[in-house]
Amino acid sequence: MSNYRQIAYEGLWKNNSSLVQILGLCPLLAVSNTMVNALGLGLATMLTLVTTNLAISLIRHLVRPEIRIPVFVLIIASVVTTIELAMNAWFHELYNLLGIFIPLIVTNCIIMGRAEAFASKHPVSEAVADGFFMGLGSTIVLLLLGTLREAIGFGTLMQHAELLFGDMGRAMTVTLVDNYKGYLLAILPPGAFIGLGLLIAVKNIIDKRLAEKPARVMVAGPSKAVS
Amino acid sequence: MQKNILISAILLGLFAVLGTGLVAFTYDKTAPRIAENERELLLHRLHELVPAEAHDNVLDSDTINVNVASLGSKQPLTVYRARKQGKPVAAIMTVVASEGYSGDIRLLVAIRADGELAGVRVIKHNETPGLGDAIEETRSSWILGFAGKSLQNLSEKEWHVKRDGGSFDQFSGATITPRAVVKAVHNALLYFTAHRDELFRQTQEAKHE
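Heads up: the sequence lines are chains S and X, in that order.
Using the working numbering, read the first sequence as starting at 1 and increasing by one per residue.
Using the working numbering, read the second sequence as starting at 1001 and increasing by one per residue.
The shape of chain S in the complex, shown without the other chains:
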C-alpha cells in the first residue's frame, strides 16, 4: 500500500512531470490558454500514459533490451493515433481546437520517460498507478496554468465548456469581469512561461516551508538562516 502512496506522491508532487522534471513543455505552454483546452489535453495525455504504461508493463519480460526502444515507440505511436481517431470521432470540435497537439502527445517526453524508467521495470498494477498519477500531476498543472491564463487573459472561467461536456457545459462558463477588455500577455506564449515560472516558484516556496518546519521545532528560535 505504501508503495502506491509513494507512486502518488512522486507523480503529483515530488517528481511532478511539469514542475520538477519540466518535461512536455511544448503542449503545456501552447494549450494552456483556456481551462477547457488544458483539461482536454491533460486528460488525453493521462489516458495515453495509463494505456502505454499498461501495455509496456505487460510485455516487459518479452522484449529484449536491444529492441525495447523501437518497441516502446511503436506502442506509444499506435496508442496515440488510436486516441486521436477516437477524439476526432466523439469530441470533434475539441479535436479541431487542440489540433496538432493531440498527435504531438507522441513526442511528449513524459510518456517515453515513464515507459523506460518505470513501466518496463514494474508489475502491471504499479505501472498503471504510475501512469495515472504522473498524468494527473501533469493535468493539474495544466489546469492551474489554464485557469490563471484564462482568468487574467479573458476574464472568464471554463469558456467553451460545451466542447468537453456537451450542452450542459454552456452553463459552466463563469464570467469574472463583465466587458473585460482582455489582457493579451496572458494569452500569448510569454504569459505561459511567466505563469509556469510562478507555479514552480510557489512549489519551491512550499517545499522550503515544509523542510523548515521540523528544523524550527528543534532550534526553537527565529533563526531563518536555514536556506
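I should point out that these hints are in silico values taken from the structure, not numbers from a laboratory.
In this text, a Cβ means the ideal position worked out from N, Cα and C, and glycines have one as well.
You may find that some hints are simply not true.
[Stated by the list, open to error] Simulated restraints, written as ranges between beta carbons of each label pair:
(1) S:Gly197 - X:Pro1076: 45 to 51 Å
(2) X:Gly1165 - S:Pro103: 15 to 21 Å
(3) X:Lys1087 - S:Met168: 40 to 46 Å
(4) X:Tyr1027 - S:Leu198: 38 to 44 Å
(5) X:His1047 - S:Gly113: 28 to 34 Å
(6) S:Lys14 - X:Pro1076: 46 to 52 Å
(7) X:Glu1036 - S:Met168: 21 to 27 Å
(8) X:Ser1070 - S:Thr173: 55 to 61 Å
(9) X:Pro1076 - S:Gly166: 17 to 23 Å
(10) X:Leu1006 - S:Val20: 51 to 57 Å
(11) S:Met168 - X:Gly1103: 32 to 38 Å
[As the list claims (entries may be wrong)] Computed footprint of chain X on chain S; a stretch qualifies when at least three of its residues, placed anywhere within it, have a C-beta under 8 Å from a C-beta of chain X:
(12) 83-91
(13) 180-194
Starting from the known structure of chain S, fit chain X onto it as the hints suggest.
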C-alpha cells in the same frame, strides 16, 4: 548469436503488425463517424450563411471548383451553390485572404443571386489572439457587418478599411487583418459579378482558367 538477432527481429516485426493492426481497426471503426462529423460541421457553417429553408438542394454535393488567382489561392477553391426549385439562390465561395498578418485566412463568402452579400465567416486563420482574431464571429461582431453589402451599395473606394479611406472599421492594434479580409471579400464579389452565370451552371465539371 545469429539466432538471437533473428528472434529480436521477429519480435519487432510482431509488434509492428500488432500496432498497425490496432490503428487500422480503430480507423475502420471511426472513419464513417469522422466523415459525418466533418460534413455536419460544414453544413452547419453553410447554413449559418444561407438558412436551410432558403434552398432545397444538397449544398455539399452541388459544388463547382474554381481556380482563379484573384481569390487568393493556387489550389482550386470550392463554391457551394444553393438553389430553390432549380433557381439560383446564393453561392457560397471558399476564399483565401492571403495578405493577413500571419498566414492565409480562409473565408466563406456567401453571395445572393442578386449580388448582395448574405454573410462572411472565417473558417481558419493564424492571426494574433486578442488582436487580429476579432474577425472570428465568437470574438466580435465585426464579420457580421458584411451582410447586405454589395458592389452596388458601396463604391469601389468604400471597399477598404477606414484608415485607407473606406467604410469598414479596423480594430485598435490590428489593421492588416481586416484590410486583408475586406480585400478578399471585395475580390470575391468582383469575381462573382463577372462570372455569375458560369458559377451557377448546372455542371459538375471543374472549371479552369
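Those earlier numbered hints the structure runs against, lowest number first: 2, 5, 6, 8, 9, 10
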